[in-house]
Amino acid sequence: MIKWWKIASAIIILYSIIWGLINPVPHLDILNETIRNVYYHVPIWFAMLFQMGYSVVFAIKHLSKNDLRSDIISDQAAQTGLFFALPGLLTGCMWAKFTWGTWWTFQDPKLNGVAIAVLIYLAYFILRSSIPDEQKRARIAAVYNIFAFVMMFVFIMILPRLTDSLHPGNGGNPAFGKYDLDSNMRMVFYPAVIGWILLSLWILDVKKRIAILNHEKNEQ
Amino acid sequence: MQLLSQLIKKEFLLEFRQKSTLAGILVYIVATVFISALCFKKIIHPTVWNALFWIIFMFIAVNVSSKSFMQETKGKGLFNYLYYNPRQFILSKIIYNMLLMSVLSLLTFFFYSWFVGSMVQDMGMFLLALIFSSSAFSGVLSLMSAIASKANNNISLMAILSFPVLMPLLLVSVKLSKHAIDGLAWSVSYKYLLILIMLNFVVVALATLLFNYLWKE
Amino acid sequence: MKKMNNKIILFVISLLFPFLGKAQSVAAPQMADTFRSEGKIYVVITVISIIFICLIGYLIYIDMKLRKLENKN
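Chains as they are written, first to last, in my numbering: chain B, -1 to 218; chain C, 41 to 257; chain G, 18 to 90.
Excised from the complex, chain B in its bound form (with noise of 0.2 Å):
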């Protein structure tokens, strides 16, 4: 039948959604209800950095056995992640709308750090339909692949630790931190970030399979 972390992720997520409206708060300023965010808006964040740093294992592991598997695989986790960082951007905007008051600003680190990261991958995705030959995209692919994520990590996680920033938890926002969360909160929001992980990866496991089958049916 359907593996068990599947229904996990399914009922975990379910969880946080159900609990997640009615769990009581801390009540702050400028935030107020709409701090329930955290349980929604950051997962689906961290789903997509757990995407990328998985194409880029299987980039390396491509790398060092040259198996064309292991790049479906990275290909195909890229494109989950980027699925993913969509309605991250989204959900992101709508929340910078009514605590911020603006849509989007080139201030914050942290915004300007996934905005590189979306045109990282889009260059990547170019890269590989501009090379015909399998094994050759391969192998380029995850050298691009290991490069761009590097620097994509660098850009996310330590700039934004040294410069200022909106973002609550960086830099000088005095809203919430992110160590301060409620322990109310934590009991929501732990099991959200592992329900959002667990359901990216069964979306990249129906991805992979269909692209292993499209790949064996275009070797015969």
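In case anyone wonders, no lab produced these hints; they're calculated from the structure. The structure displayed is predicted, hence computed values, not measured ones. We put the CB at the ideal spot given by N, CA and C, even for glycine. Hints may contain errors.
Unchecked claim - Here are the computed lysine-lysine pairs in the BS3-like style, where the Cα-Cα straight-line distance is at most 30 Å:
# : chain 1 : residue 1 : chain 2 : residue 2
1 : B       : K1        : B       : K59
2 : G       : K57       : B       : K206
3 : C       : K215      : B       : K95
4 : B       : K205      : G       : K89
To be verified - DEER-style ranges, computed between Cβ atoms:
#  : chain 1 : residue 1 : chain 2 : residue 2 : range
5  : G       : V64       : C       : W226      : 54 to 64 Å
6  : B       : M185      : C       : I237      : 35 to 45 Å
7  : B       : R184      : C       : N192      : 47 to 57 Å
8  : B       : G51       : G       : I70       : 26 to 36 Å
9  : B       : S181      : G       : V64       : 46 to 56 Å
10 : B       : W102      : C       : P86       : 22 to 32 Å
11 : G       : I70       : C       : A225      : 28 to 38 Å
12 : B       : D131      : C       : S196      : 19 to 29 Å
13 : B       : N212      : C       : S196      : 21 to 31 Å
14 : C       : S227      : B       : R184      : 36 to 46 Å
15 : G       : Y75       : B       : W102      : 49 to 59 Å
16 : B       : I58       : C       : I237      : 21 to 31 Å
17 : C       : L54       : G       : L83       : 47 to 57 Å
18 : C       : L43       : B       : D131      : 23 to 33 Å
Claimed, not checked - From the structure, some residues in chain G lie toward chain B, with a derived Cβ separation under 8 Å:
#  : residue
19 : I73
20 : L76
21 : I77
22 : E87
Fit chains C and G to the given chain B structure using the hints.
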């Protein structure tokens, strides 16, 4: 080590034999600076000065680095594969590009301050930023042009690949040079300089490691 | 997206009941307690859950179809 210096010398010789590429870049620099001088007459705002300078720098960097790998034809490629160690090959290209880029960036800055006027208060910091940025840029762009050359030598592909990856680097460089222009104390800009140096190492290490895999084509 | 819309409706409506807040001090931030106390929160939860369950159902359907295709080879 000896082979490395030989390779670098070979790059220099190639460049001086075909003076056209170097001359082309010089004309490009003078032309862009001249146009900006015409349009802006006198730049009052340091931010604008900074932005314009780095835009010109970025385009020059992409142009210079793309030429280094585009010259490798199929025949030369086979020769290179048989005779040279991949690590030394990419290192020689990176070092050559770094030197070239440093010189060209200093030239750009010279022409820029001549035509448009210099607003830099802390010259030492600015020059440091310039040199480290040019080496980091050339490192990234060398690898990108290597990738693009394997994918049918498409110049626009190289631009598409390079721009997003260069963004973090560009941001740090712009911030650092802005601090230098405003003449802020070294203690404030210190962390950016460290990041720039660290990025240099990361980029060169990655490029040398990854080039092995590109080599086999 | 629909989950976000509901949250925004929640937030906006919570601002429309200031007269109920007279008992609070001025410093306490407005929350959606009125909304919740009238039982309307359960409507929101049910709507979102239904949407989510439908999406999961579709995912399961695709998964089973793939399994059949793989077993056929």
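Outcome of the hint check:
1. B:K1 to B:K59: holds (25 Å)
2. G:K57 to B:K206: violated (41 Å)
3. C:K215 to B:K95: Given pair C:K215, B:K95 holds - Cα atoms ~27 Å apart, limit 30 Å.
4. B:K205 to G:K89: holds (18 Å)
5. G:V64 to C:W226: 54 to 64 Å: Roughly 58 Å apart at Cβ, these two residues keep to the hinted range, so it holds.
6. B:M185 to C:I237: 35 to 45 Å: holds (44 Å)
7. B:R184 to C:N192: 47 to 57 Å: With Cβ atoms ~52 Å apart, the hint holds.
8. B:G51 to G:I70: 26 to 36 Å: At 29 Å between Cβs, range holds.
9. B:S181 to G:V64: 46 to 56 Å: Cβ of B:S181 to Cβ of G:V64: about 28 Å, so the range 46 to 56 Å is violated.
10. B:W102 to C:P86: 22 to 32 Å: Roughly 25 Å apart at Cβ, these two residues keep to the hinted range, so it holds.
11. G:I70 to C:A225: 28 to 38 Å: violated (59 Å)
12. B:D131 to C:S196: 19 to 29 Å: For B:D131 and C:S196 the Cβ distance comes to about 20 Å; the hint holds.
13. B:N212 to C:S196: 21 to 31 Å: At roughly 29 Å between Cβ atoms, C:S196 and B:N212 fall inside 21 to 31 Å, so the hint holds.
14. C:S227 to B:R184: 36 to 46 Å: holds (38 Å)
15. G:Y75 to B:W102: 49 to 59 Å: Violated - the Cβ-Cβ distance for G:Y75 and B:W102, about 32 Å, lies outside 49 to 59 Å.
16. B:I58 to C:I237: 21 to 31 Å: holds (26 Å)
17. C:L54 to G:L83: 47 to 57 Å: holds (55 Å)
18. C:L43 to B:D131: 23 to 33 Å: holds (31 Å)
19. I73: OK, holds: G:I73 within 8 Å of chain B, min 5 Å.
20. L76: holds (7 Å)
21. I77: holds (6 Å)
22. E87: It holds, given that the least Cβ distance between G:E87 and chain B is near 7 Å, below 8 Å.
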